[in-house]
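Colleague: These are the residues of each chain, in order.
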Amino acid sequence: MSSRTTILEKIKQNQPKAISELPNLGTLGLESFEILDKYKTVLKGIGGDFVEVPNYDAIISFVKKNYATEKRMITTIPELAEIAATDWFNNDPHTLENVELTLVKAHFGVAENSALWVTDVISGQRVAVFIPQYLAIVVHKKDIVETMHQAYDRIGNQEYDFGTFIAGPSKTADIEQSLVLGAHGARGLTVFLMD
Amino acid sequence: MKIGLFIPCYVDQFYPKVAIATYELLQKLGCDVRFPIKQTCCGQPMANSGYEHLTKGCDTNFIANFSEFDYIVCPSGSCVLHVKEHLHDENNEALASQMRKRVFELTEFITDILKIEMIPGNFPHKVGMHQSCHGQRGLKLSQMTELNAPFFSKPEQLLSKIKGINLVSLSRKDECCGFGGTFCVTEEAISVKMGQDRIKDHEDHQVEYITGGDMSCLMHLEGILKRQKSPIKIIHIAEILNATI
Amino acid sequence: MKNNLEHSEAAAIFNKDVKRVDWHDETLWFVREKRDKAAFQIPEWELLRETASEIKNNVLSNIHDYLLEFESNAQKNGVIIHWAADADEHNKIVHSIMEKHGVKQMVKSKSMLTEECHLNEYLFEKGIDVIDSDLGERIVQFRKEPPSHIVLPAIHLKKEDVSETFHEHLGTEKGNNDPQYLTEAARLHLRDAFLTRKVALTGVNFAIAETGEIVVCTNEGNADMGVHLADVHIACMGFEKIIPQRKHLSVFLRLLARSATGQPITTFSSHFKTPRDGKEMHIVIVDNGRTTQLGREDFRSSLKCIRCGACMNTCPVYRRSGGHSYHNAVAGPIGSILAPNLDMSKNADLPFASTLCGSCTNVCPVKIDIHDQLYKWRQVLVKEGHTPLGKTVAMKGMATVLANPMVFDFAGKAGRFVMKNIPILVNNSLNPWYKQREMPAPPEESFREWYKKNAKESKDKQNE
Chain P
1 MSSRTTILEK IKQNQPKAIS ELPNLGTLGL ESFEILDKYK TVLKGIGGDF VEVPNYDAII
61 SFVKKNYATE KRMITTIPEL AEIAATDWFN NDPHTLENVE LTLVKAHFGV AENSALWVTD
121 VISGQRVAVF IPQYLAIVVH KKDIVETMHQ AYDRIGNQEY DFGTFIAGPS KTADIEQSLV
181 LGAHGARGLT VFLMD
Chain B
1 MKIGLFIPCY VDQFYPKVAI ATYELLQKLG CDVRFPIKQT CCGQPMANSG YEHLTKGCDT
61 NFIANFSEFD YIVCPSGSCV LHVKEHLHDE NNEALASQMR KRVFELTEFI TDILKIEMIP
121 GNFPHKVGMH QSCHGQRGLK LSQMTELNAP FFSKPEQLLS KIKGINLVSL SRKDECCGFG
181 GTFCVTEEAI SVKMGQDRIK DHEDHQVEYI TGGDMSCLMH LEGILKRQKS PIKIIHIAEI
241 LNATI
Chain U
1 MKNNLEHSEA AAIFNKDVKR VDWHDETLWF VREKRDKAAF QIPEWELLRE TASEIKNNVL
61 SNIHDYLLEF ESNAQKNGVI IHWAADADEH NKIVHSIMEK HGVKQMVKSK SMLTEECHLN
121 EYLFEKGIDV IDSDLGERIV QFRKEPPSHI VLPAIHLKKE DVSETFHEHL GTEKGNNDPQ
181 YLTEAARLHL RDAFLTRKVA LTGVNFAIAE TGEIVVCTNE GNADMGVHLA DVHIACMGFE
241 KIIPQRKHLS VFLRLLARSA TGQPITTFSS HFKTPRDGKE MHIVIVDNGR TTQLGREDFR
301 SSLKCIRCGA CMNTCPVYRR SGGHSYHNAV AGPIGSILAP NLDMSKNADL PFASTLCGSC
361 TNVCPVKIDI HDQLYKWRQV LVKEGHTPLG KTVAMKGMAT VLANPMVFDF AGKAGRFVMK
421 NIPILVNNSL NPWYKQREMP APPEESFREW YKKNAKESKD KQNE
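Residue numbers (the working numbering), protein chains in the order written: chain P, 1 to 195; chain B, 1 to 245; chain U, 1 to 464.
Everything labelled a hint here was simulated from the structure, so no lab data went into it.
Quick caveat, the model's predicted, so the values are computed rather than measured.
Heads up, the beta-carbon is just placed ideally off N, CA and C, and yes, glycines get one too.
Just to be clear, a hint being listed does not mean it is correct.
Unchecked claim - Computed spacing ranges between beta-carbons, pair by pair:
(1) P/Lys-12 <-> U/Lys-159: 31 to 37 Å
(2) P/Phe-62 <-> U/Gly-175: 36 to 42 Å
(3) B/His-205 <-> U/Asn-176: 53 to 59 Å
(4) U/Thr-27 <-> B/His-205: 50 to 56 Å
(5) B/Ile-245 <-> U/Glu-444: 23 to 29 Å
(6) U/Lys-159 <-> B/His-205: 37 to 43 Å
(7) P/Glu-97 <-> U/Gln-245: 33 to 39 Å
(8) B/Glu-93 <-> U/Lys-396: 43 to 49 Å
(9) P/Ala-58 <-> B/Gln-143: 30 to 36 Å
(10) U/Asn-77 <-> P/Pro-78: 53 to 59 Å
As the list claims (entries may be wrong) - Computed cross-link-like contacts, DSS-like style, restricted to lysine-lysine with a CA-CA straight-line distance of at most 27 Å:
(11) U/Lys-367 <-> P/Lys-12
(12) B/Lys-38 <-> U/Lys-76
(13) B/Lys-56 <-> U/Lys-396
(14) P/Lys-12 <-> U/Lys-396
(15) U/Lys-391 <-> P/Lys-17
(16) U/Lys-76 <-> P/Lys-12
(17) U/Lys-452 <-> B/Lys-2
(18) U/Lys-391 <-> B/Lys-56
(19) U/Lys-435 <-> B/Lys-226
(20) U/Lys-37 <-> B/Lys-101
(21) U/Lys-376 <-> P/Lys-17
(22) P/Lys-44 <-> U/Lys-391
(23) U/Lys-37 <-> B/Lys-229
(24) B/Lys-28 <-> U/Lys-19
(25) B/Lys-233 <-> U/Lys-435
(26) U/Lys-391 <-> P/Lys-38
(27) U/Lys-19 <-> B/Lys-17
(28) B/Lys-173 <-> U/Lys-456
(29) U/Lys-367 <-> P/Lys-44
(30) B/Lys-2 <-> U/Lys-456
Claimed, not checked - Not close to chain U: a few residues of chain B, all C-beta gaps over 10 Å, as computed:
(31) Phe-14
(32) Lys-28
(33) Thr-40
(34) Thr-145
(35) Leu-170
(36) Ile-190
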């Protein structure tokens with residue numbers, strides 16, 4: 001008998017005879033608070049930064065001023081083509097190794113933990129949001145929801161091959177619980193909060 | 001209302017003053033209290049060591065001694081918890097089950113059954129309260145710091161109303177002292193370290209007395225204090241409450 | 001495991017360095033405090049725990065069907081599913097995938113399951129080089145030690161230790177103990193591994209029956225860096241990682257990081273559904289004793305665990321004995337209720353390495369009654385004969401005396417039974433109580449004697 005069969009049979013035999021009901025999630029995440037304020041406070045608290053911008057031009061000038069634009073910048077946002085390359089989607093992901101800054105757009109953000117939902121539809125390549133030295137994500141202010149419950153309501157049955165919530169820069173505290181930003185992924189995360 | 005006084009075996013033998021304080025206190029609060037003389041031990045030391053199956057004799061003896069009382073009151077949360085969770089009688093489970101509901105730790109009996117909100121008196125000392133785990137997390141005598149829930153504490157509610165008492169707020173409000181029954185000898189190193197750390201917290205708050213509702217924890221702490229030749233004294237909550245009225 | 005000492009022996013050694021123990025205790029207590037702060041910011045925290053617990057109860061009661069649903073959906077997503085009955089089969093499956101691709105090197109992110117199965121040792125024997133990419137795991141891997149904590153693998157080490165280790169293995173400056181500097185060195189070293197390794201192995205935090213996707217949570221981004229640059233992704237999971245629907249992630253992702261480290265969520269919560277074009281994704285579903293645990297009514301809820309580590313951080317024993325004293329891949333309170341299921345005789349000491357204070361149960365985000373299960377394991381271990389005979393004999397003697405008031409009373413008069421046999425001190429000729437503690441001075445009379453003499457109702461009785 002295959003292990004599959006053996007395991008499944010043993011499970012069937014040993015699992016509780018009566019099915020426990022699934023709880024209702026409808027009563028969760030209903031607390032009201034100022035969404036944008038919360039988002040900003042939480043993001044700061046976990047080592048991220050935000051910049052409020054009216055449009056893409058404002059992002060372009062911010063990036064020019066604050067990032068090493070002579071290094072490699074990549075984006076999936078056509079409006080940012082002036083400062084970052086948009087021709088890398090089909091390259092070998094290893095070639096993104098030297099990227100200084102990746103700029104992508106999030107589907108939405110979550111106020112309670114400042115996480116941003118990014119899928120491979122908008123990240124160009126999966127590794128693009130993990131491999132750069134710095135990461136910048138654009139999200140519309142209206143696209144920030146309260147909690148993870150609203151977040152998954154919003155995701156619903158969305159089709160994606162890969163999706164990730166990103167909350168702040170990559171970090172570790174594995175040496176004596178001292179927080180260090182930039183463990184493997186981005187050393188810094190800037191969130192552009194767009195009107 | 002007939003009250004059966006349930007005194008843990010080690011309190012009977014080592015700390016009769018705690019038993020006397022409990023007995024006198026209940027009398028002063030108007031209770032008709034008796035000590036069934038043939039009681040021995042609830043069986044907890046065996047059960048916690050994995051020998052619950054050997055405690056049937058203890059159960060039988062406990063039931064024989066206490067079945068006639070309306071309430072069973074004990075100055076130890078740990079022993080009460082054991083009875084509440086594990087007292088059984090194969091021949092009369094209905095009785096055992098009823099008795100499990102009638103057994104109370106001293107302070108919860110005062111606040112919940114006698115509904116006494118304050119005991120007048122005077123105890124002009126700086127006191128640290130040791131929350132014993134079985135009383136707190138088992139019997140829920142006070143709120144637990146792990147939970148996101150409103151504060152309450154039955155023993156502190158009584159203590160805080162005593163005149164002159166200065167009840168300190170510890171850095172770790174409900175960390176275990178490391179007694180843990182046989183744990184205190186089988187895991188001697190950790191047990192003592194936990195006790196020392198608990199004492200340090202009280203010392204850092206310059207207490208004169210450490211009080212609590214469970215003499216077993218206090219005996220462990222007292223043992224360490226004495227070895228350290230510390231001036232801090234141990235006092236059971238029944239002794240404070242009894243001395244003040 | 002290298003460590004064959006009983007918990008109490010290993011703990012006693014750990015306690016010889018008081019400064020180090022204090023540091024370990026305080027550091028983990030600080031993590032517990034961060035957990036409290038994060039949890040208390042959520043007014044519905046306790047409801048969230050209850051909800052998570054109910055979801056997991058549902059999973060356990062219907063896990064057979066959920067696994068089939070998961071398997072079929074994952075296969076539709078192009079994932080290859082494997083089933084492993086035990087650690088050995090799991091290791092063989094992983095190795096066979098490596099062999100199929102002719103690859104000798106692997107980069108691996110944190111997976112407690114692979115620790116449980118001793119995968120690294122197995123692959124080493126087969127000539128496969130594994131690099132653990134979580135910083136803490138890489139540190140202990142260099143030192144040939146197992147992780148001492150499921151979330152903070154190197155929490156038993158000080159920065160000086162890490163500095164020594166990195167100096168030896170990565171050529172960092174001797175004596176440079178700056179965590180920032182040391183982390184940067186590891187970043188460069190591991191980036192090279194990510195860029196060159198063709199097979200990446202990860203654990204699984206959650207597997208969604210409804211969609212066939214798996215979720216992996218990290219702060220460092222190491223799982224993603226490995227997987228998205230590799231040709232083959234192998235994800236290993238105990239079958240209990242299943243949750244019914246995608247929306248249930250909302251509950252668990254709110255609880256997991258807050259319970260673990262006090263963060264509102266891990267930096268990355270990645271949902272892997274399909275392999276990249278032209279690449280492979282494997283999921284190995286492992287039993288290794290879980291079906292047995294599922295059949296133990298008293299202990300099955302231990303399978304609800306989401307591996308947050310909160311029970312370790314709050315455990316006053318764990319904080320003062322260190323993770324290695326538990327000689328099991330998963331240490332602390334949860335480890336102590338999982339380990340006996342794997343090997344009762346080897347792990348018979350663990351359920352006794354607790355005061356049953358109950359703090360673990362209160363912090364558990366899925367409401368496992370950990371301390372009650374510790375108590376219940378003690379009963380099982382005694383019944384199955386895993387306690388020393390001397391202890392059993394002593395307990396039987398005590399049971400006889402305590403059950404019989406006449407004997408108890410007699411013993412009392414003839415030298416105070418409890419004084420000599422106070423239950424806590426039973427069967428210890430070299431009494432460990434006295435090593436660092438005094439016993440109370442015996443009073444002149446017991447309460448019972450006082451009562452007979454002084455209580456009015458007692459005197460009435462005597463005069464009757």
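Colleague: Each hint: holds or not?
Modeller: How the hints compare with the structure:
1. Against the hinted window of 31 to 37 Å, the Cβ-Cβ separation of P/Lys-12 and U/Lys-159 comes to about 50 Å, which falls outside the hint.
2. Range check, P/Phe-62 to U/Gly-175: Cβ separation about 41 Å, and the 36 to 42 Å hint holds.
3. As the Cβ distance of B/His-205 to U/Asn-176 is approximately 40 Å, the hint placing it in 53 to 59 Å is violated.
4. Against the hinted window of 50 to 56 Å, the Cβ-Cβ separation of U/Thr-27 and B/His-205 comes to about 22 Å, which falls outside the hint.
5. For the pair B/Ile-245 and U/Glu-444, the beta carbons lie near 26 Å from each other, so the given range of 23 to 29 Å is met.
6. Between U/Lys-159 and B/His-205 the CB atoms are about 31 Å apart, so this pair departs from the stated range of 37 to 43 Å.
7. Look at P/Glu-97 against U/Gln-245: about 37 Å separates their beta carbons, and that is inside 33 to 39 Å.
8. At about 25 Å, the beta-carbon gap between B/Glu-93 and U/Lys-396 misses the expected band of 43 to 49 Å.
9. The given range of 30 to 36 Å is broken by P/Ala-58 and B/Gln-143, whose C-beta atoms sit roughly 50 Å from each other.
10. Hint check: U/Asn-77 to P/Pro-78, Cβ distance near 30 Å, so the stated range 53 to 59 Å is violated.
11. The hinted pair formed by U/Lys-367 and P/Lys-12 meets the criterion: a straight-line CA distance of about 24 Å does not exceed 27 Å.
12. This hinted pair does not check out: B/Lys-38 and U/Lys-76 have alpha carbons roughly 71 Å apart, beyond 27 Å.
13. In summary, the hint linking B/Lys-56 to U/Lys-396 is supported, as the alpha carbons are separated by about 12 Å, within the 27 Å threshold.
14. Distance hint between P/Lys-12 and U/Lys-396 is unfulfilled; the C-alpha atoms sit about 40 Å from each other, more than 27 Å.
15. Taking the CA atoms of U/Lys-391 and P/Lys-17, the gap is near 38 Å; set against the 27 Å cutoff, the hint is violated.
16. A C-alpha spacing of about 24 Å is found between U/Lys-76 and P/Lys-12, which places the hinted pair at or below 27 Å, so the restraint holds.
17. Restraint check for U/Lys-452 and B/Lys-2: the C-alpha separation of about 19 Å stays at or below 27 Å, so the hint holds.
18. A C-alpha spacing of about 18 Å is found between U/Lys-391 and B/Lys-56, which places the hinted pair at or below 27 Å, so the restraint holds.
19. Under the criterion of a C-alpha separation no larger than 27 Å, the hint pairing U/Lys-435 with B/Lys-226 is consistent with the structure, at around 12 Å.
20. At roughly 36 Å between alpha-carbon atoms, U/Lys-37 and B/Lys-101 are farther apart than 27 Å, so this suggested pair is violated.
21. For the hint pairing U/Lys-376 with P/Lys-17, the CA-to-CA distance comes to about 22 Å; that is within 27 Å, so the pair holds.
22. Between the alpha carbons of P/Lys-44 and U/Lys-391 the distance comes to roughly 57 Å, so the proposed pair goes past 27 Å and is violated.
23. Taking the CA atoms of U/Lys-37 and B/Lys-229, the gap is about 38 Å. The hint is violated against a cut of 27 Å.
24. Taking the CA atoms of B/Lys-28 and U/Lys-19, the gap is about 49 Å. The hint is violated against a cut of 27 Å.
25. Taken as a hint, the B/Lys-233 and U/Lys-435 pair is honoured in the structure, with Cα atoms around 21 Å apart against an allowance of 27 Å.
26. A threshold of 27 Å between alpha carbons decides the hint, and for U/Lys-391 with P/Lys-38 the separation of about 58 Å lies outside it, so the pair is violated.
27. The hinted pair formed by U/Lys-19 and B/Lys-17 fails the criterion: a straight-line CA distance of about 39 Å is larger than 27 Å.
28. At roughly 41 Å between alpha-carbon atoms, B/Lys-173 and U/Lys-456 are farther apart than 27 Å, so this suggested pair is violated.
29. A C-alpha spacing of about 31 Å is found between U/Lys-367 and P/Lys-44, which places the hinted pair above 27 Å, so the restraint is violated.
30. Between B/Lys-2 and U/Lys-456 the alpha-carbon distance is near 15 Å, which keeps this suggested pair within the 27 Å criterion.
31. Not every CB of chain U is more than 10 Å from the CB of B/Phe-14 (nearest about 5 Å), against its label as outside the interface.
32. With a cut of 10 Å on Cβ distances, B/Lys-28 stays outside the contact zone with chain U, its closest approach being about 14 Å.
33. The claim that B/Thr-40 is not at the interface with chain U is violated, since a C-beta of that chain comes within 10 Å of its own (minimum 5 Å).
34. Not every beta carbon of chain U lies more than 10 Å from that of B/Thr-145, the smallest distance being close to 7 Å; the non-interface claim is violated.
35. No beta-carbon of chain U comes within 10 Å of the beta-carbon of B/Leu-170; the shortest separation is about 13 Å.
36. Its beta-carbon lying about 5 Å from the closest one in chain U, B/Ile-190 breaks the requirement of being farther than 10 Å from that chain.
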